[in-house]
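*Asks:* All chains should be modelled from the sequences, with the hints used to inform the complete structure.
2 protein chains.
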Amino acid sequence: MMEVKTVDILIIGAGPAGLALANWFRNSSINVLLVDKKPGPTRRGKAEGLKSTTNEIFDSYGIGPQIATESWRLEEIAIWGQKKDGKSGIEREQLIQDKVEELGKVRETMLQQSRVEYHMQQNLLSHRNITIQYNTQPVDVNVDESLLHEDEVYPVEVLLVKTQVHPEASSNILENSTPYTADGAAKEVEERIRARYIVGCDGAHSWLRKQLQVQLEGDLTDSVFGVVDLIPKSNFPDLRRVCYLRASTGTILLVPRSNKEVRLYIPVESGSSLSDPKELTFDRIIDAARKIMSPYTLEVGAVSWWSAYRVGQRVGSHFSRHNERAFLVGDAVHTHSPKAGQGMNTSIQDAYNLGWKLRLVLQPHHKLDSDASRRLLATYESERRPVAQDLISFDRGYLKLFAAPSSQFDTEFLQAIKFTTGLSIRYPPSCAVQLPKVVQTAEKLGPSLLKADLVPGKRLPDFQAVYQADGITTWIHKRLQATGCFRVIVFAGDLAAHQHLSTNVQKLGEYLADPENGLGQLTAGGEAAPVEVLMVHSANREKVELLELPEVFRPWSDNDGYDYWRVLADAESVHEGHGRVYERLETDPEKGRTLVVRPDGYIGAVLDVDDFEGVGKYFNELGMLSK
Amino acid sequence: MMEVKTVDILIIGAGPAGLALANWFRNSSINVLLVDKKPGPTRRGKAEGLKSTTNEIFDSYGIGPQIATESWRLEEIAIWGQKKDGKSGIEREQLIQDKVEELGKVRETMLQQSRVEYHMQQNLLSHRNITIQYNTQPVDVNVDESLLHEDEVYPVEVLLVKTQVHPEASSNILENSTPYTADGAAKEVEERIRARYIVGCDGAHSWLRKQLQVQLEGDLTDSVFGVVDLIPKSNFPDLRRVCYLRASTGTILLVPRSNKEVRLYIPVESGSSLSDPKELTFDRIIDAARKIMSPYTLEVGAVSWWSAYRVGQRVGSHFSRHNERAFLVGDAVHTHSPKAGQGMNTSIQDAYNLGWKLRLVLQPHHKLDSDASRRLLATYESERRPVAQDLISFDRGYLKLFAAPSSQFDTEFLQAIKFTTGLSIRYPPSCAVQLPKVVQTAEKLGPSLLKADLVPGKRLPDFQAVYQADGITTWIHKRLQATGCFRVIVFAGDLAAHQHLSTNVQKLGEYLADPENGLGQLTAGGEAAPVEVLMVHSANREKVELLELPEVFRPWSDNDGYDYWRVLADAESVHEGHGRVYERLETDPEKGRTLVVRPDGYIGAVLDVDDFEGVGKYFNELGMLSK
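Chains as they are written, first to last, in the working numbering: chain U, 1 to 627; chain G, 628 to 1254.
Accuracy of the hints is not assured; some may be wrong.
[What the hints assert, rightly or not] Below 30 angstroms or equal to it, Euclidean Cα-Cα: the simulated BS3-like pairs (lysine-lysine) are:
1) G:LYS1218 x U:LYS105
2) G:LYS732 x U:LYS105
3) G:LYS711 x U:LYS543
4) G:LYS673 x G:LYS1045
5) U:LYS291 x G:LYS1170
6) G:LYS860 x U:LYS478
7) G:LYS918 x U:LYS543
8) U:LYS233 x G:LYS1170
9) G:LYS1105 x U:LYS99
10) G:LYS1170 x G:LYS1105
11) U:LYS162 x U:LYS210
12) U:LYS87 x G:LYS1170
13) G:LYS714 x G:LYS1027
14) G:LYS1045 x U:LYS507
15) U:LYS84 x G:LYS1170
16) U:LYS233 x G:LYS1134
17) G:LYS1218 x G:LYS1244
18) U:LYS99 x G:LYS732
19) U:LYS99 x G:LYS1170
20) U:LYS105 x G:LYS1105
21) G:LYS1170 x U:LYS83
22) G:LYS860 x U:LYS543
23) U:LYS591 x U:LYS478
24) G:LYS732 x U:LYS478
25) U:LYS210 x U:LYS37
26) G:LYS732 x U:LYS543
27) G:LYS726 x U:LYS543
28) U:LYS46 x U:LYS105
29) G:LYS1105 x U:LYS478
30) G:LYS673 x G:LYS1027
31) U:LYS233 x U:LYS99
32) G:LYS710 x U:LYS543
33) G:LYS1170 x U:LYS105
34) U:LYS233 x G:LYS918
Keep in mind the hints are simulated off the structure, nothing from the lab.
*Replies:* This is the structure we're talking about:
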């Protein structure tokens, strides 16, 4: 009889989505198996653009610096159009900074998918609870419906087929033991896995999606794209800027990469003789590019990758099935054109949304009961499906912006890049996004293109502050490592100048540490606590003594003394200017504010600074206080 | 008969100095052998502070980001003294920012020596011309005096003894083949090496120094230091700041490290019962620290390293011998107290000063004749010996500053940190540091504590500028990779507004590319050229077209098109503010200026922007135009 292995989570697909999901389970006891039919990590080509919101995820995984070092920054965008004087050829119409003022930092960088995968994969290596197994594909899945409402069960059963290859022929660097046949030939071995949860991160042709009978809704459009990564030898003056080129002969989106390379995206209009991807050869793509760029030259240097493909604009009917035991993430459940550089970003962000919820549900301590678990896991679909739908609506209109720039082009473009950066995402109310009662019905909740602000369901805007203890500068999303814990961030205001604020901090400190109301159990335990309490004050740093604040803001460990990095100041940094946190977050230093921030950096609740009960209510509704 | 291997350079000692020296020979055909008697890289403890000038060296070696990511930043300094009211105990007297305004960036970071060595060593791995051999010590050296004036000879002969150990017992990760005895016991094997040059980077007890009969001049002082790296459990409020603590019972220099650790330096006064390092046990160091920190508590958490040692303040009589065939670098030729955190920095900077000179002399193309070679190599001693002497003079007075802070404390302290950062270093005139004739005699050349400025012999002040081609921001020392090439940096001024400046740039471009005057041979050849020509203009970027500038500023390669990264603008960066280069360097945008910058980032010559001949004269006097 075949032995059956059990795992907590089985992830199908070790691309950006699968690896981003697996990264949530570092430093936990949750057992994760990633399988992929590929023989090893992706080597080249494919997705490339990284938005700042995705780079914040890498920061929270501790791999931000490595990825930033290798990435190519994008700073300027040039719009080129047909010459206005009726002559043939193109001319530069506009030069735009690739900048969203309120972000306060670089909005977009370029790094090829293979390197992004590499860093996420390296980050898993020392974690024995996470295994990646290449050359492995699932062939059958069953979910036992009778077990769905039970805890501590493994309702998902999957049959895997592992193609065993000679180790030297395999680039499978993470698999420890690969038996192989004597002559080194591929051999197939079956393996049966039982899992608590299964997640399909298996791309546009997702096997799991088909098994779960999830339909993709929307059009398989006629859009065919040619994509080429090459070193151009050319006298075109804007090769090192992002360029939108519009000529009578077609359009190009040109994006600079490292190593003197550029990427050219060339959409082929429907009805064209090239609208079948199979017809779109490399030479034809380059011919089309030459015609568009004329009279500038284009000679081809080294070519590192090229591809031609047809794009579908579709969203899955469901993002989860079987009572939140099976999930679909990334390309497996939505596809769209590469025009706005969204593919890899949205996949990673889907995974980031799901991961902490699974971690919270599977955490041995402070575990939610089965109702609370399902309620939380159901927010994956309610939060991420509208994002995919909005993306496709946006995608449809995106190129129109460039086709005939209007007089409001600058404003429209800025709104578009805010959208593609993810700044307009706002998750709807749920157990994890709680609105104050008064606005629960009144407020409109559609996607907003407003300035990044403190609203439940929106990402916490990143900001720069200074640690009270040592004057070192940090950005808040670098501080919010992906450990699975929630944060209560107390914007305590100018507590040196206002007695009511310092009194409040004392009371809040007591409330948050109180074992009676249940919060004390959530905040105790140092780095392993499910809730970490932080403060950002706006007082003169020299008038605040860290060790005089309530202990929840600088907990003691018998092992290594105080935690010095929970209290930040909105102050001038020694070397990097003033973060102006209160101003940017429109928070009154005389009043303060308390935020509950979810493990994924999204805002769970916005409370008055003296609304102690509000904090308790948030964790109670989530089910974390229920035992 | 014993086989004799030949190498271009034999380096004794693979610590910070030896590794920094070896890094100069990456991407060259120069053969380098590093030997060290240690069984492998340093593991812990020892030196730690990195000044910005040292971090610039890491940037030029391409390992700046990795080192910065691991380093701990220092932002604030607290001065503590005996309570003024006569009561026992200490109180905070002053809080100072660790900042030098004109640097425009972080002045000091902390990273332990073992990690610094690790990154420098990793950076050599892919370079087959550089070998590191551990478990190896030299036992005999001979320099054949009859060969000293010849080219293409190997006048240095060294007998090495290699202790062969079982590979599993060895941490020798770089040596490829270590034969060993059948029982795994250590075995000694002799090896004879002939080298063109030998460099002793073998520390305070330098073997090579003794062989070269170089005397250390100065005192072996009575200063004994206890040093401890530990996690303190303490209610002292400034544990995360650099602290100078002065109590009636003694003084402590406290420096925060990563992982919640701090380093304590505790000098023991002469005449004390503890002035013999052997008597200074860990418990005694901690007892002394407790008394000084009282009434604050100090409990000991994890201890990662501690040591006690006596400090000599001494400088070698010579830094090179045998007609510039043998050199001494770093601790091998000067020692001083750890108070100003200079040990590792000065060693690395010594090596950085010597490396490019050896590279230029050994370069197969554009090689200097033997007179020019010796003249250049002699500048190692004339440039670095005064630095070591100044350091010791400074060292003697340094703690006085803190012992009884005067009313000018702030000013004195700022001057002191400028000094320890290396900003006051100014190399004397030589073939590599050329003064305009008019000032050659008139100007005083001693170390100056003036604002960083454009003076021959001083380090090029680092500055932030924006690439013309893509708007990407860089700091100039990040741009000046250690390839061995000189740079001619043309501060072309506002060439869009002033006809005389744009005319000048055209003429200068022609002159620098002219094969007739010899400069054309130095500037041709793309990345392999011995001289790279850069421009920093102050014009409106939109009014400058890169491809309309002379080709020397954007050379073409048949392989990969134009070089887009030789022209920079003094302009507002999209995401990082304005570098204000012309203002900071006090350069008139209507006049401009031309600099010759040496491969080590020091200024070789400062010229009027139309002084074309001055550029030729510089390379001619250096001997690079002599053939």
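*Asks:* Going straight from one Cα to the other, do G:LYS710 and U:LYS543 come out at no more than 30 angstroms?
*Replies:* Given that 30 angstroms is the threshold and the Cα spacing comes to 20 angstroms, the pair holds.
*Asks:* Do the alpha carbons of U:LYS84 and G:LYS1170 lie within 30 angstroms of each other, as the hint requires?
*Replies:* 20 angstroms, holds
*Asks:* Is the hinted pair G:LYS726 and U:LYS543 satisfied, with a Cα-Cα distance of at most 30 angstroms?
*Replies:* Cα-Cα ~21 angstroms, so holds.
*Asks:* Hint check: G:LYS1045 vs U:LYS507, CA-CA at most 30 angstroms. Holds or violated?
*Replies:* 46 angstroms, violated
*Asks:* Does U:LYS99 lie within 30 angstroms of U:LYS233 when you go C-alpha to C-alpha?
*Replies:* Measuring from Cα to Cα gives roughly 29 angstroms; hence the hint holds.
*Asks:* Straight-line Cα separation of U:LYS99 and G:LYS1170 no greater than 30 angstroms?
*Replies:* 21 angstroms, holds
*Asks:* Can you confirm whether the C-alpha distance between U:LYS591 and U:LYS478 stays at or below 30 angstroms?
*Replies:* 26 angstroms, holds
*Asks:* Given the hinted pair U:LYS210 and U:LYS37, is their Cα-Cα distance within 30 angstroms?
*Replies:* Roughly 16 angstroms between the alpha carbons, so the hint for U:LYS210 and U:LYS37 holds.
*Asks:* Taking 30 angstroms as the top limit, are the C-alpha atoms of U:LYS99 and G:LYS732 close enough?
*Replies:* 23 angstroms, holds
*Asks:* Tell me if the straight-line CA distance from G:LYS711 to U:LYS543 falls inside 30 angstroms.
*Replies:* Distance of about 20 angstroms is within 30 angstroms: holds.
*Asks:* Holds or violated: G:LYS1170 with G:LYS1105, Cα cutoff 30 angstroms?
*Replies:* Distance of about 26 angstroms is within 30 angstroms: holds.
*Asks:* Do the alpha carbons of G:LYS918 and U:LYS543 lie within 30 angstroms of each other, as the hint requires?
*Replies:* It holds: about 27 angstroms lies between the C-alpha atoms, which stays within 30 angstroms.
Checked against the numbered hints given earlier, this structure breaks hints 1, 14 and 34; the rest are met.
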